[in-house]
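Protein chains in written order, with my numbering: chain A, 1301 to 1644; chain B, 2 to 190; chain C, 2 to 380.
Everything labelled a hint here was simulated from the structure, so no lab data went into it.
Since the structure is predicted, the reported quantities are computational estimates derived from the model, not experimental observations.
Watch out, some of these pointers could steer you wrong.
[Claimed, not checked] Here are the in silico distance ranges between beta carbons for each label pair:
1) C/Lys304 to B/Lys181: 21 to 31 Å
2) B/Pro120 to C/Asp196: 39 to 49 Å
3) C/Tyr50 to A/Val1420: 51 to 61 Å
4) C/Asp196 to A/Val1354: 47 to 57 Å
5) C/Pro353 to A/Ser1476: 34 to 44 Å
6) B/Arg137 to C/Tyr50: 39 to 49 Å
[Stated by the list, open to error] Here chain C is said to cover these stretches of chain A; the calculated rule only asks that three of the stretch's residues, wherever they fall, bring their Cβ under 8 Å from a Cβ of chain C:
7) 1343–1351
8) 1607–1617
For each residue, glycine too, the CB sits at the ideal point set by N, CA and C.
Below are the chains, spelled out letter by letter.
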Amino acid sequence: MIELLEYTIPSTMLALVIHALLPLGFILVYALFAIWLERKVAGHVQDRLGPMRVGGWHGWAQTIADMLKLLHKEDIIPTQSNKFLFKMAPYMLFTASYGAFAVIPFSSAYIGSRVDIGVVYLLAILSLLTLSVIMAGWASNNKWSLFGAMRSASQMVSYEVPTVVTVLSVIVVTGSLNLMTVSEMQTGNDLFGFLPNWLILQNPFLVIAFIIFFISILAESHRVPFDLPESESELVAGFQTEYSGMRWGIIMLSEYADMLLLSLLGVTLFFGGWNSPFGVFMAGPLWGFFWFILKGMLLVFVMMWIRWTLPRLRVDQLTYLCWSVLIPVSFINLVLVALWEMIF
Amino acid sequence: MVKVLKEGLLTFKSIFTGMGVTWGHLFEPAVTLQYPEERAILPDHVRNQLFVNIEDCIGCNLCARACPVNCIEIETVKATVGDDLGKTSTGNPKRLWVTQFNIDLARCMYCELCVHPCPTECIYMTSEYEYSEYNRNDLNYKFSNLTPNLVEIYKDKAAREAEKLALEKEEARLKKEKEKLEKESKDKA
Amino acid sequence: MTETSLKTPDSRKMVLNMGPQHPSTHGVLRLELELDGEIVTGVKPHIGYLHRCFEKYAESLDDYSKVVPYTDRLDYVAAMSQEFSYALAVEKLLEIEVPERVEYIRVIMAELQRIASHLLAVGTFGLDLGAFTPFLYCFTEREKILDIFEKASGARLLYNYICIGGLMKDVPSDFKSDTQNFVSTFRPKIKELNDLLTTNRIFINRTAHIGVLPAEVAINYAASGPVLRGSGVSWDIRRDDPYSIYDQLDFNIPIGQGEVGTVGDCWDRYIVRVLEMEESLKIIEQALEKMPEEGDVREKVPKRIKPPEGEVYVRTESPRGELGFYIISDKSPRPYRVKARAPSFVNLSLLPSISLGSMLGDLVAIVGSIDIVLGEVDR
Chain A
1301 MIELLEYTIP
1311 STMLALVIHA
1321 LLPLGFILVY
1331 ALFAIWLERK
1341 VAGHVQDRLG
1351 PMRVGGWHGW
1361 AQTIADMLKL
1371 LHKEDIIPTQ
1381 SNKFLFKMAP
1391 YMLFTASYGA
1401 FAVIPFSSAY
1411 IGSRVDIGVV
1421 YLLAILSLLT
1431 LSVIMAGWAS
1441 NNKWSLFGAM
1451 RSASQMVSYE
1461 VPTVVTVLSV
1471 IVVTGSLNLM
1481 TVSEMQTGND
1491 LFGFLPNWLI
1501 LQNPFLVIAF
1511 IIFFISILAE
1521 SHRVPFDLPE
1531 SESELVAGFQ
1541 TEYSGMRWGI
1551 IMLSEYADML
1561 LLSLLGVTLF
1571 FGGWNSPFGV
1581 FMAGPLWGFF
1591 WFILKGMLLV
1601 FVMMWIRWTL
1611 PRLRVDQLTY
1621 LCWSVLIPVS
1631 FINLVLVALW
1641 EMIF
Chain B
2 MVKVLKEGLL
12 TFKSIFTGMG
22 VTWGHLFEPA
32 VTLQYPEERA
42 ILPDHVRNQL
52 FVNIEDCIGC
62 NLCARACPVN
72 CIEIETVKAT
82 VGDDLGKTST
92 GNPKRLWVTQ
102 FNIDLARCMY
112 CELCVHPCPT
122 ECIYMTSEYE
132 YSEYNRNDLN
142 YKFSNLTPNL
152 VEIYKDKAAR
162 EAEKLALEKE
172 EARLKKEKEK
182 LEKESKDKA
Chain C
2 MTETSLKTPD
12 SRKMVLNMGP
22 QHPSTHGVLR
32 LELELDGEIV
42 TGVKPHIGYL
52 HRCFEKYAES
62 LDDYSKVVPY
72 TDRLDYVAAM
82 SQEFSYALAV
92 EKLLEIEVPE
102 RVEYIRVIMA
112 ELQRIASHLL
122 AVGTFGLDLG
132 AFTPFLYCFT
142 EREKILDIFE
152 KASGARLLYN
162 YICIGGLMKD
172 VPSDFKSDTQ
182 NFVSTFRPKI
192 KELNDLLTTN
202 RIFINRTAHI
212 GVLPAEVAIN
222 YAASGPVLRG
232 SGVSWDIRRD
242 DPYSIYDQLD
252 FNIPIGQGEV
262 GTVGDCWDRY
272 IVRVLEMEES
282 LKIIEQALEK
292 MPEEGDVREK
302 VPKRIKPPEG
312 EVYVRTESPR
322 GELGFYIISD
332 KSPRPYRVKA
342 RAPSFVNLSL
352 LPSISLGSML
362 GDLVAIVGSI
372 DIVLGEVDR
């Protein structure tokens, strides 16, 4: 991709900038779509229709209208807040999730940066999210925000452990930290003659790993049943209580970006990344992009589906689940995955 | 260990049961109405906007007295001799000019207590429910169809007649007193 | 120095003001919380944000029947029950009996109202715990009941349907079939609700062993309704002090048994409401069967009600508990005193005693399980 850009665009610098901004455009379009989708899913699950008015067909332009409204709103900053941190927090939040997209292989032809420590980089930059959430909560100088921030800190720090361990169990199989290499390893349909070479199908213990991974990413991206940092019936809006207008919009955007990022990571690690499920049929860079996003969106849809079904856990149950169930199980599972790899 | 496993299994089972329920609903038709285009069919006797058929009103003030929130204001003027106000559709003769019949719908609580006492069934609730206004004063509905001019005339007439009546009464009283005095003086004599 | 000991503020504790604008205080309840981290160490409910002087205003109205629309507004999600109770009280004062058909219609309406109110309670309880969807499923069903009410009375929320001496107007001709239709379609929906919410492990974990209300404490605080029955006390005014025709109907009183936790926890209070909906369905079916097809719906009541001098207290089982009206008459058309004993108000007073030591998230669950309506608490 970068070669193509450098070839078509005379300036190397400009080519690099365009290369770096490609995911941004994608995330913005995706966020508009995902918010609309969430409202539609919520609506249909609850025997409603969701937005129907703006834009004609099933209110497709609703989120665009909402975004325009948010842009017009007054930028309210509480007088007693720490203004610098308050203003910075949404940007930090989005930077963290956007930075992580650099190592996601969108297709066989496009990856932001083909670094060999891709997974480590991604997990490291994700912990910036915790920091910015605490920043937002602390700077707001609101007790509800503070509660949300503290909850979010404990939650994200806890759930990083099972995430890392399950990712590790995939790394044990692949032997590479580069997500592009991981995706390339899953090309082909050799399993039993017809099944794709996806990692989740190769090793039965990776199924358990995926379940744990999925639960952890639900918690990492603050989705129900782990949406404690912003649990609206307890903490009003958690760390976002004092935010309004476009600053709030950016927080929302990065939340949805997070969801997609973690889903895409899951797709890369367990579901063959950009590989087509039909082997060489419908394969290629563009089809790769299509399959990758489709798989990611399916996981995002499952997250939404769960959100509109389940109640939320309590703070202590959340940490209990993490430290007493998920972490031990994921460690045992890691050993089992490794054993399976040794034997077969 | 077994307990934790069992608990975990139960949790997963209940989560999937719940997700099955919501999945089923995902494809059910919506129960909501797309409001301005589709409207609910209201039953016959819904209680929405109050309406007064002023032609039938006899100005008896019963509705205003029945109202718990005092949102009906009625002012009447007595008809003078020779004025023919006609009859209501129920056959009651009208004897009062209804110079003012205001209903403040901002205050109305739609209890329908005013509807029942009305002898001519001229005040009733309609199925109209879209009458929001930007200005609260616009919700004060004025039902009287008399122009201010006419009201003045009727008031004047009524006042003059009342005066005349009072005068007549006074005269009668004076006459009586005079007679009484005369009688007394006669008796004395 | 005076005797008042100034408590040194504990720097580890945080005072948090929850409400009156908060998503899960069910209106305008304000709670002054003292928190140690997430743990609640002190709760102080502040009420009065929705005070409308119901009692005083009722004494200023010059007619007993003018009070009825105001009783609707006490517990505005169960208006029928309030009217029923007030009408019974005034009828007792007047010493009149209403026609049999009226009794049956009143009972059917009150039980439908109980279902509607419990649906709202159950739905918002789920909402407090983060489950949004059951709330809307409950509302879909509640709408069907409101449709029946609208057909009968003309209004969807504040009915003014049950009046002193009978009903405002007769039920429509298709009332019976509508109600039967609702009863038959509603039963499977309870099962669906159970699948979605009641048996959900996360839900159970959030509600079992939380806000345990022992039976003695409940009785000492004069709690009533599902809050009392959730603690295992079988007390229902419909059975223990029957009014209207409840003594001729056959129904059970579900009580909390601590199936998943301790007796008297949030889950018990919740399940009592779910089971009561089924009992109400039973009552409705029986009443529909026995209801006389035709008859007068209004006893002859003088236009201007002037009850003989005296006082009366009538209590009924509203969806939230014992709803009582205490009326003093001084022989004038104006009630001398109208006092409403609001179950929500009494039940709310329990809150500090059962929520200490729980977490912030539990407190929301406890408030939801008590099921208060602020219109009734503040009156």
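Now for the hints, and whether the structure bears them out:
1. C/Lys304 to B/Lys181: 21 to 31 Å: violated, 43 Å
2. B/Pro120 to C/Asp196: 39 to 49 Å: violated, 57 Å
3. C/Tyr50 to A/Val1420: 51 to 61 Å: Once the Cβ atoms are compared, 54 Å apart, the range 51 to 61 Å for A/Val1420 and C/Tyr50 holds.
4. C/Asp196 to A/Val1354: 47 to 57 Å: At 35 Å between Cβs, range violated.
5. C/Pro353 to A/Ser1476: 34 to 44 Å: At roughly 59 Å between Cβ atoms, A/Ser1476 and C/Pro353 fall outside 34 to 44 Å, so the hint is violated.
6. B/Arg137 to C/Tyr50: 39 to 49 Å: violated, 23 Å
7. 1343–1351: holds (count 4)
8. 1607–1617: Holds: 10 residues of the region 1607–1617 of chain A have a Cβ under 8 Å from chain C.
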